[in-house]
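*Asks:* Read off the chains here:
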Amino acid sequence: MIETARTTRAAGIEVRGVSMRYGNAEAGATLALKDVSLSIAPGSFFVLVGPSGCGKSSLLMMMTGLLQPTSGQILCGGQAMDKPYPDRAGVVFQEANLYPWLTAQKNVEFPLMLKGIPQEERSRRAIEALDLVGLAGFAQRHPHELSGGMKQRVSIARGLVQQPAVLLMDEPFAALDEQTRLTMGDELLRIWERTGQTIVFVTHSLTEAVYLADEIAVMSARPGQLMEIVAVDLPRPRSLEMMGTPEYAGLRNRIWQLIRNPAGPGHEH
Amino acid sequence: MSTEAAAGLSPAATRRLILLLILLAWEAAPRLGWVPSLFLPPLSQAVAAVHADRMAYAQNLAVTLGEVAVSMVLACGSGIALGAVIGSVRVLRKPMTSLFSSLYAIPLVILYPLMAAWLGIGPESKIAFASLYGVIPAILASAAGIQSIDPHLAVTARSMGATLRQRLVHVILPAAIPSVLSAVRIGGALAIVGVVVAEMLTSTAGLGFLITSYRTVLDSPRVFGAILCVLAIVLIFDAVVRWLERRTAGWSAAIGRK
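Those sequence lines, one after another, are chains A and B. The opening residue of the first sequence carries number 1 in the numbering used here; numbering runs sequentially from there. The opening residue of the second sequence carries number 1 in the numbering used here; numbering runs sequentially from there.
Next comes chain A alone, as it looks inside the complex:
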């Protein structure tokens, strides 16, 4: 059953000169993202942070293929994300967005059902995915019978059930309380260590960013631009105790300075 682990092929993501403009030119279009280029290594945990309105969620939505950039290109495993490719990229949103009329298991089966995979295989893979997120005993519950954290786990299981090369997460724990949020972060790292796909994670919590990431892209607001990519060289597996170390605080502080004072990294030195 645990053989789902590591059968996944991770893929990298290339963001090449991506700009995003909302509205039409005459009526004062908003430039949400300006010429963002970055490269995400296969199998890495990549976090996007920045002030609200910096376009980090838009950038993630473009990686999912739900949104197309005004200019530039996004490649996942070398292929353009011109529409959603669910077996390439699983998506987890801020809200769990589960279908309230389906059980947890049927929710996880949903993407497999869309592809016409036979029921027997669907159930087997959904139960495996639920087991992976620690909800094997809750397969027959409906969403309204689950807590906020559990719903988000089901949503993660649904994102992982096709063993996509990349898991794209848009502030997935933002709606949860602080304690559940920390536990979920831990849980996600544990899952990622077993499955090994690339994770791109958007958050506005710097604590969460440093705790989870291999690399953190720090973005500036209006128009959203990439300021710096900060490598997080804290050892893995991460533990909550690390939050007390000077290295952790130093990284967090450095990112905070970047966001607070977007004049440039020069001033701090």
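Note that these hints are calculated values from the structure, not bench results. No experiment lies behind these values; they were computed from the predicted model shown.
Derived, one-sided and incomplete: chain B residues facing chain A with beta-carbon distance under 7 Å: (1) 152; (2) 160; (3) 251.
Residues from chain B that face chain A, not an exhaustive set, calculated with beta carbons under 10 Å: (4) 150; (5) 153; (6) 155; (7) 156; (8) 157; (9) 158; (10) 163; (11) 170; (12) 171; (13) 175; (14) 248; (15) 252.
Glycine residues also receive a C-beta, built at the ideal position from the N, C-alpha and C atoms.
Got chain A; can you put chain B on it based on the hints?
*Replies:* Below, chain B alone, put in the same frame as chain A:
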């Protein structure tokens, strides 16, 4: 709420108890001389009247049921369809909902004489009137329900690669069931009202016709016998809708309870 909890009764049991008390009062009040039995004959007399004339009642019940069935299909079918379009097309939503809300305030019964003139006093005019009477609230309920569907559910399906058809069948349709049922509940109930009212005004058959014709000869037990038949239709309709809700939209009720 608190007294009910104190008595240890479930809402269903409380409902049954209240119904039983009303029926008992119906029987007792005229017998004890609290109300003249010309105004309210005892329940047992009304039941006996139906039993004695069961052929006549059955024939008229069948007429009413047929008219109600056709009206419900017309009112709910077109109401749900129109409501779905109005609820999902943004430019229509505001103007059409306010238009239909205003129309809803018109006492549509003023149109019935016109319909009787156009369509005759047979079932056609009843069906036309009852359908019109039921369709507006069905439109409003269905439009409100469609609007309340969380758009994220469809976006999420798209992120999972769902085609437009798959999104309609697997997301929008099941999400719409509770609002469709509330449209059926409200449109259907008003279709029953519409048919009976129209029969009472001008007709040659149906339960409404029985009520009016027995009333003119002051035959109270038979009037109430016909009323009992109407009540039976309403109760059965309500039970069917409840059953449908339990079968298909239990999740929605469960969310509402939270």
